[in-house]
Amino acid sequence: MRHRLDLRIGPVTFRIGSDWRAPLAELERLYAPYPEPDGIADFTVRLEAERIWRRWIRPSVGIRGDHNLPDAAPLALRHGLLAAEMAMNLQMALGQRRFLLLHAATVERDGKALLMTGESGAGKSTLAALLGERGWRLMGDEFALVDLDTLALHPFPRMISLKNEAIGLFADAPPERLGPLLQDTPKGRIRHLRPCADAIARMDEPAPPAFILFPRFGRDFERAVRPVGAAEAFVRLTQASTNYIALGERGFEALTGLVAAAPAWGIDYSDTDGALALVEEVSR
Amino acid sequence: MRGSHILARLLADPASAELVRDWTSIFSMARAQSLLGSLGWRLEDQDLPEKAASILAVAQRDYESARTQSLWEAEMARRALAPLGVPVVLLKGTAYAAAGLDAGRGRSIGDLDILVPREALGEVQAALLAAGWEWVKEDEYDDLYYRRWMHELPPLIHKERDRMIDVHHTILPLTARLKPDAAALIEDSVEMDSGLRILSPPDMVIHSAAHLFADGDMAGGLRNLWDIDRLVRQFSEEPDFWSRLGERARRHQLEAATSRALRLATRLYGTPVEARLAGPRPALDLLFERRLLARDGWGRATRPILRFAFYVRSHWLRMPPLMLARHLWTKWRRPKKAASNV
Amino acid sequence: MLLDGLTILYHRPSGMTHILVTPAPEILAALGDAPADPEELLRRICERFEIEAEDAAEAVAARLAELEAAGLVRRA
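Residue numbers (the numbering used here), protein chains in the order written: chain A, 20 to 303; chain B, 30 to 371; chain C, 13 to 88.
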């Protein structure tokens with residue numbers, strides 16, 4: 020393809036090809052402090068014009084790669100950075116088989132990893148990003164990678180994707196850590212945030228899972244914490260996994276091991292400060 | 030080397046792995062053609078860069094669990110159909126895996142394909158519907174088209190397990206001008222311990238050849254040709270394999286497809302074939318070779334004009350021209366669906 | 013595998029995970045000894061758990077049908 024960029028995020032290397040320079044230039048700037056990739060890519064991503072003239076006329080970025088969703092809708096070229104991030108996520112969701120993949124955010128402190136998962140809108144990504152600025156190490160805001168042999172969580176600290184109201188919470192972040200503000204994307208307003216230097220420097224350092232949280236957000240929710248039994252946690256995590264079934268018995272061993280090793284809580288919150296306090300409470 | 034030549038060569042000659050410079054491109058090409066698992070199996074004993082070896086090892090494990098699930102699906106179909114007492118013949122990937130053939134090693138397996146006698150189609154359909162399978166889509170035109178002209182029932186999907194089954198009663202559409210002898214396919218099929226059946230070795234090769242050329246536009250051709258290479262290498266150890274293959278190909282009116290598949294397999298994978306059956310190589314073979322290798326290092330399909338020609342050709346093979354016009358007209362008038370898996 | 017009183021089962025031939033509630037695990041255990049027809053199965057379960065056949069018959073039959081649909085139990 021015309022333009023190419025290779026990125027390594029934790030244990031995963033991507034080769035990204037694009038018909039246009041712009042999306043790769045933005046990626047290059049945001050991922051500048053990341054280590055050099057190690058040669059062979061796990062996944063290839065292609066940002067390509069759906070039709071040849073779409074390179075120039077109302078350019079729209081088709082999301083393709085080693086693994087494809089037949090009905091993945093193209094994005095406008097000005098949302099090219101989002102297209103690239105979505106394309107990388109898609110490869111992980113459809114093609115990752117080396118780890119048990121959970122749609123979950125992870126943070127770590129004192130060698131103990133906290134895994135948060137919930138329906139979209141539960142705020143796991145925002146909570147992880149906030150914790151990442153407050154003494155925790157952000158391991159990932161989107162995917163948790165569970166090691167199939169050791170059950171350790173591997174960091175996957177990609178760009179944090181801040182949505183709508185969450186963008187304002189990070190207005191003070193240094194400008195070099197922020198991507199362009201993307202208006203009117205299919206997911207609303209989006210802005211990417213590069214994780215802290217610490218998260219990037221330690222991205223090859225896994226951590227054992229110590230707690231599982233199922234956060235729920237509602238404006239009128241009473242603040243609440245309740246323990247979640249291992250069987251319920253198991254079922255909810257199978258639903259949060261993109262490759263549990265494909266991994267067969269190894270997935271079963273890893274997930275039962277995970278819920279046996281890490282106690283789980285459900286937390287309800289109505290504001291982020293309250294949620295952060297609950298996280299501190301539970302993890303103590 | 031251009032296109033997927035290098036991938037074909039790696040499959041045929043694992044030792045050529047030491048020449049590979051760009052593994053990322055190999056893996057993209059292999060994934061685009063569902064050959065990563067097969068490649069993993071072929072390169073098992075080679076000395077590879079650590080990362081390449083790990084990607085292939087993961088692909089092989091992935092294949093193992095996909096294989097388990099496919100064989101289970103076949104077993105569930107067997108349980109649903111056993112009371113009918115009709116022969117049920119597994120086809121393609123599931124058959125290779127169930128029979129433990131080399132062609133099945135690392136091979137991706139999609140839907141479950143079975144062949145049953147045409148006269149049993151009604152009761153087979155009823156038994157599957159009773160056991161939890163349901164129609165994938167209720168679309169009048171497609172439905173009518175399938176029942177009247179295609180060689181299979183419209184696809185069914187199991188409501189709990191979410192897996193598709195294709196029930197065939199012959200191996201080419203009824204509209205195709207060639208008429209394979211479906212009764213003979215079933216008659217000569219071989220029963221396995223489970224009670225399920227697989228095609229006889231020559232029929233399996235012939236079906237694979239028919240599938241390569243007549244089904245679709247050869248988009249997954251390199252993989253289908255790999256099946257043929259593996260089947261032929263394994264079966265040709267039997268002394269009378271070649272004479273039986275020639276005889277059966279004539280009987281099914283599939284001599285031309287079988288011969289061409291053998292010639293292409295020799296060209297791309299170095300398959301040892303009987304020269305008399307393969308026949309001399311016509312100029313047209315070169316176009317087929319180019320079509321099969323039309324994939325670049327990013328996993329993209331190349332040669333759009335050649336691919337379009339093959340797409341038209343595949344429709345033309347399936348239907349007489351007047352019907353083709355009617356079909357393309359109906360397809361064209363309807364809103365375009367998520368562009369076929371071309 | 014037992015988690016909070018529920019039986020979570022990985023079924024190797026199918027690659028599927030099943031979550032079983034009483035009396036499904038008991039049915040599987042009773043069949044594990046040796047194959048049985050439905051009457052014999054009901055007798056074994058009632059004997060083991062000291063319950064009346066009338067009380068258990070309906071639940072056992074319903075779970076048995078589910079286990080068959082899931083492929084965990086099959087007719088000989």
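Mixed in with the good hints, there may be bad ones.
What the hints assert, rightly or not - Simulated restraints on C-beta separations: (1) D49/C - K188/B: 52 to 60 Å; (2) P25/C - E73/B: 24 to 32 Å; (3) F240/A - I31/C: 25 to 33 Å; (4) D45/C - E148/B: 18 to 26 Å; (5) K188/B - A91/A: 23 to 31 Å; (6) E62/C - E93/B: 31 to 39 Å; (7) E268/A - P78/B: 45 to 53 Å; (8) K206/A - E93/B: 30 to 38 Å; (9) R48/A - I31/C: 44 to 52 Å.
To be verified - When the alpha-carbon atoms are kept at most 20 Å apart in a straight line, the in silico SDA-like pairs for lysine to any residue are as follows: (10) K206/A - A92/A; (11) K80/B - T32/A; (12) K166/B - D90/A; (13) K166/B - L130/B; (14) K206/A - A95/A; (15) K188/B - L14/C; (16) K188/B - T257/A; (17) K80/B - P30/A.
Source of the hints: derived by calculation from the structure; they are not laboratory data. Every residue, glycine too, gets a C-beta built ideally from N, C-alpha and C.
To see whether the hints hold, each was checked on the structure:
1. D49/C - K188/B: 52 to 60 Å: Once the Cβ atoms are compared, 28 Å apart, the range 52 to 60 Å for K188/B and D49/C is violated.
2. P25/C - E73/B: 24 to 32 Å: Between P25/C and E73/B, where Cβ atoms are some 25 Å apart, the hint holds.
3. F240/A - I31/C: 25 to 33 Å: Between F240/A and I31/C, where Cβ atoms are some 29 Å apart, the hint holds.
4. D45/C - E148/B: 18 to 26 Å: Hint violated: Cβ distance 43 Å, outside 18 to 26 Å.
5. K188/B - A91/A: 23 to 31 Å: holds, 26 Å
6. E62/C - E93/B: 31 to 39 Å: violated, 44 Å
7. E268/A - P78/B: 45 to 53 Å: violated, 29 Å
8. K206/A - E93/B: 30 to 38 Å: Holds - the Cβ-Cβ distance for K206/A and E93/B, about 36 Å, lies within 30 to 38 Å.
9. R48/A - I31/C: 44 to 52 Å: About 48 Å separates the Cβ atoms of R48/A and I31/C, which means 44 to 52 Å holds.
10. K206/A - A92/A: At roughly 12 Å apart (the allowed maximum being 20 Å), A92/A and K206/A satisfy the hint.
11. K80/B - T32/A: holds, 10 Å
12. K166/B - D90/A: OK: K166/B and D90/A at ~17 Å, within 20 Å.
13. K166/B - L130/B: violated, 34 Å
14. K206/A - A95/A: holds, 13 Å
15. K188/B - L14/C: Status violated; Cα separation ~28 Å.
16. K188/B - T257/A: holds, 19 Å
17. K80/B - P30/A: This hinted pair holds, its Cα atoms lying about 11 Å apart.
Against the hints set out earlier in the document, violations occur for numbers 1, 4, 6, 7, 13, 15.
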